[in-house]
Amino acid sequence: MILAITILIGISVIMIFPIGSQAQTEENIFVTHSGAVVKTTGEVLDPLYTSATVEFDPMEYLRDFNYGRISQLEDGTVLREYTIIANDDEIMEVSPGIFYNVWTFNGTVPGPTIRATEGDIVRVKFINNGEKEHTIHFHGIHPAGMDGVFEPVGGNGGQFVYEFEAGPVGVHPYHCHVMPLEEHIVHGLYGVFIVDPKEERPPADEMVMVLNGLDTDFDTENNFYAANTIPFYYQHHPIQINTNELIRIYVVNMVEFDPINNFHLHGNLYKYYPTGTDIVPSFYTDMITLSQTERGIMEFEYQYPGKYLFHAHKVEFSEKGWVGIFMVNENKEGTEDVKYGS
Amino acid sequence: MEVSNTSSKGKLIASGVIPFAFLIILIAYIFGPGSELLDLGIPLPEITMEKVDFLDSEIQVTVRNTGPISVEIAMADVNDRIQPAAVEPDRYLERYETALVRIPFEWNDAEPYIVGITIEDGTRFEKEIEAAAPALEPSFELLGFFAIIGTYVGIIPVMIGLLWLPFIKRISKQKYHFFLALTAGLLLFLAIDSVEEALDVSNESLAGSFNGVLLVATVLILSFLGLYYTGEKLVSRAKSSRITKPVAIALMISIGIGLHNFGEGLAIGAAVGLGSIAFSTFLIIGFALHNTTEGLAIAAPMSREKKVIGKLAAMGLIAGAPAIFGAWIGGFVYSPFTSVVFLSIGAGAIFQVIITILKWIREQGDKNLSSAAVASGFAIGMVIMYLTSILV
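Protein chains in written order, with the numbering used here: chain C, 1 to 342; chain R, 1 to 392.
Hints are all accurate, no fakes.
Just so you have them, the derived chain R footprint on chain C, three or more residues with Cβ under 8 Å:
no.: 1; region: 36-45
no.: 2; region: 216-223
no.: 3; region: 316-326
Calculated cross-link-like contacts (lysine-lysine; reagent style DSBU-like; alpha-carbon spacing at most 35 Å):
no.: 4; chain 1: C; residue 1: Lys314; chain 2: R; residue 2: Lys127
no.: 5; chain 1: R; residue 1: Lys233; chain 2: R; residue 2: Lys311
no.: 6; chain 1: C; residue 1: Lys39; chain 2: C; residue 2: Lys314
no.: 7; chain 1: C; residue 1: Lys39; chain 2: R; residue 2: Lys127
no.: 8; chain 1: R; residue 1: Lys233; chain 2: R; residue 2: Lys169
In case anyone wonders, no lab produced these hints; they're calculated from the structure. Glycine included, every Cβ here is placed at the ideal spot set by N, Cα and C.
This is chain R alone, in the form it adopts within the complex (with noise of 0.2 Å):
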């Protein structure tokens, strides 16, 4: 018995190995030494200048290596006028790597600039710079400023939507479940936003080689998929521990919310960054309206706990404090490639507890989400989203 058993698991392996032997060999076969099966043609060398900051009497560039071949640059430009500059470390660029160009230049505020980098066979890329502004210098004073900004617009707002709890204790099943579903249509707008920021944001400063819209798409379900395995984690082990069901889907909420106001952050704080007054200003306004109905999303599924008000003010935090992070984020290190990471995993968390609450509301709701008071909800969700969304 014991022979057999061993030479069966050694069959089991063997038969799991050999496919995969053969996969290796097949893939030695095209890409090996030697062959020519695949010709890809010639390899252009690319960089993406993925930041440009207006400094005393200079112009720093960062630039990566996002081609797929390395490059030497060669010659930095403005305005397509041949500048002498500098490159630190070295004008050796290997894949992904990145390096700053600094370009002495007597700028001008608020005027464009198209600041060009040359490499050395001789290709030119460039990037338009729609009004410069002195780069932020980090300083403590700054970080109040953008802890002040992201209060303002991440907790206060959120707070002010919690308000609604007595309200809503207060109401009937059927207006609860209203309550409920407009939330998930106000998240499912928040979602939708994201994905739309996330996607703009690539196309506008993110290298070719990213991938843009496949990178959105993985980081989004990575993260709804995480996030989904832990929620669920989090609700089965409600049933045995202190916190209860709804206590846990408000924390969801929350923590799905919290990544969206980073997102939010970030946004105002690359905004402030990049010098542009008027849109930072409206992005704050926008923001701050948007996300007291967040706090009605946090509330709705608590209000029929008791003793609430310390875990409602710590979602709270959880869902608004995230914005002043993301503010000095998207103020002082603003990178396209971080920028539609974080953006992406809010979309995913927030699609996540959409689908948590429709479950929820299902289970509770006699099995049922096609009444009119979910319908309504989610459609009058998605319309105060639009408006609100019509003054950013």
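So here's chain C without its partners, still in its complex pose (with noise of 0.2 Å):
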């Protein structure tokens, strides 16, 4: 009886005290979002402070702006001629460890940014390297024919060429506007199309950020959410900006699912364009919330250097990626001088 107990007392033991697990040789630390120290004998799984693999770069994209081959028509008219191409077979490396099957234009999400002036020929030649059927539809004005939504172009390799006048003056959106939408939108067919006024806007540093969101999983919620596509990028690569001097942004709102998504900046506040199309601003604040393809352009100067956040104060997108930092440095080319604008 003793016999039998001891012996089942024994088995409990090493059942309830698993045997350890293997000698590990390494250890990693990781800080979290609250300051605490891990230590750890596996790998660390961390969208902010590893460093990103990615293959897009969103700091390249932040300050790209495409304006086209400019040539100049008969009657004086600048025409601009851009070349887009769009895919939908690539896998892309979207936050560290996650695999997601992008569709782009040019190869990227968000696809380029094309910038003209108002008044320009506009001439975008579109390619469709994809399998399935894509177009290119713009906001803004327009004949009916190229819309984009009537003239589906077939895959593997059909062409057609957009042609419009540029305008009206603003931040416009462009997307694929092939049935199921959602589905061509979301998995990235879409990109910012600038129209800049005749009269030039003030210089500024400039940026465009698309906000935008992936849905990884196909259960129409987005995973992740981002300025510019990678979650967390800009939190883990500050953009670097200078005090006293002038910052554009041209923001547009291409989540899907959501109703609502929003800009909030730290320690600041900016003065806010509507869609750009106006030139005095209708807003001077520190938050604004945009729905679907809402877009508009902010402007703000940083007087004191140092970190600063932006993100969404819809938080819950914030705490899925769509946060950033600008590292404001101090301006050593006394700014006293320079005069933005009349």
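Hints are included, so try docking the two chains, each in its own frame, into the full complex.
If you want it as structure tokens, here you go:
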């Protein structure tokens, strides 16, 4: 009897305290949101602080404007020619360790930011190298046949040329308009089209931020949110700007599934021009709310150097990637003398 | 003669092997390299979060790859908010391999949480915890606590039930059969209860790839067959040894009940481990009431024996003590898989005991199972158990 009980206890103890895991040689350390330091013998799963190995560079995209190939028509009008190639078979690492089938214009999500001046003729040669039908639908003013809705372009090399006069002034999205539309947009077939006024805006450090989301498991809810696709990227790689220098951001909300998105700036307020169609700002605020494809232009200057957060104040979105940092550096050029605009 | 004998043996082997060889060729043809007959579609990855522990400023998730292909864990979130985390030993999981995901998180007591794990293809899996409670850290104090609970739930009620022995001893053969049938009724209820519990656990926490229902059925039938075989051996040997048939039957009942009590212990331990205080209290009270009837089940077949006190005490321990081990395991190393397996073994054991009791009543009682005593005993047994189960 005693023997039996001893054996039972012995077995139980072994089952309760399982054998320790194999000896590990390496120890990793990482820091959490709240600053806690965690040591682990395993791997770190960390979309925030590990260096992103992603193929798409949001920093390069931020200030990359495509003005097209410029020539003049006989009547003196400026002609800008662009080539946009659609694809739908690329697998991209969209966050460390997570691979997603992106549908791209010119190989990136978002597609290229194309830019023209009001009244220019915009000619976009569209090539569809994907498997499915795609189009480009530009927001703005143009003839019916150039709308990218009733002219689907077949895959595997189908072509179409969109041509129209640039206008109105402002910041506009463009996107594929093939049904099911939501699928084509959430996979990444969109970009930004900026129309500059003939009389230029004051000089500034300009950037474009496309607020977007990725539904990586196809449940019609976004798994990630970001400014320019890669979650947490600008938090890990702060955007370098200068004090007393005008910053102009072209913001476009391309989030699907959620009714709103927003943009909150820390330690500052910005002048906001909805859709960028007016030359006079409508708001002076640190927080705007954007519905789908709502967009606008923000202008601000930082007075004090240091780190400032910007993020969706819909906190869910910021905690799923739509968060970044402006690293404001002391402007060494003596900005007192610099005058913007008139 | 010798030559023909060898050749006939050769023929025998050949006639056994040739169909087998054809079978292998067939399978090679269907599944072999280059075979395009079967296109089973794209295998989808699947992981199961088997356990979520709340430690000091940290949530630990035990993740098992339960899909057909290997996976890489890429990200962790709490309530759908992405959190930096660590995965040990590494993020690559082969089939059925487990990893521990450690998520630093300042969680709050008794609040619900949904923990999510995203794998490399962007698929997110989640598990909801109804109320966060600190994970039990193995300590001798807790070991003792579970031992006491196990004693209260398992050993003491069974022993109390055994006190019915003198009563059963004095009653007529008819009433004795009634009590044996009552025992079978009690046990049948327990067996169904165990199966239900096993199916519940497999539904809630066991990965689909384990085929929960089939796992329960397989384990149940295997344990039934195994115990049936050894039980018959034990009884047939009883004739030629010091063990009498009633003792052998009572012993089998004890073992069956022991396995069942082990499952009850698991349930209590797991409930305490998950921090559901109210639920674990109910379980303790309910099981304790239940288990006194188990003592009756053991006492009934022994009632015609003499000098049984020592044997009964031993059987009471066999039936009751596993509750302690169950509570330890349930509290410290709970896993849905082992839980389902133990509950199914318990159910199989009980079914075997029921068959044995019925056979015995039939042998003793004029080859008749349809007497009023048997039928009413069986029915009342079920009803008693049902009524006590409402208390759980």
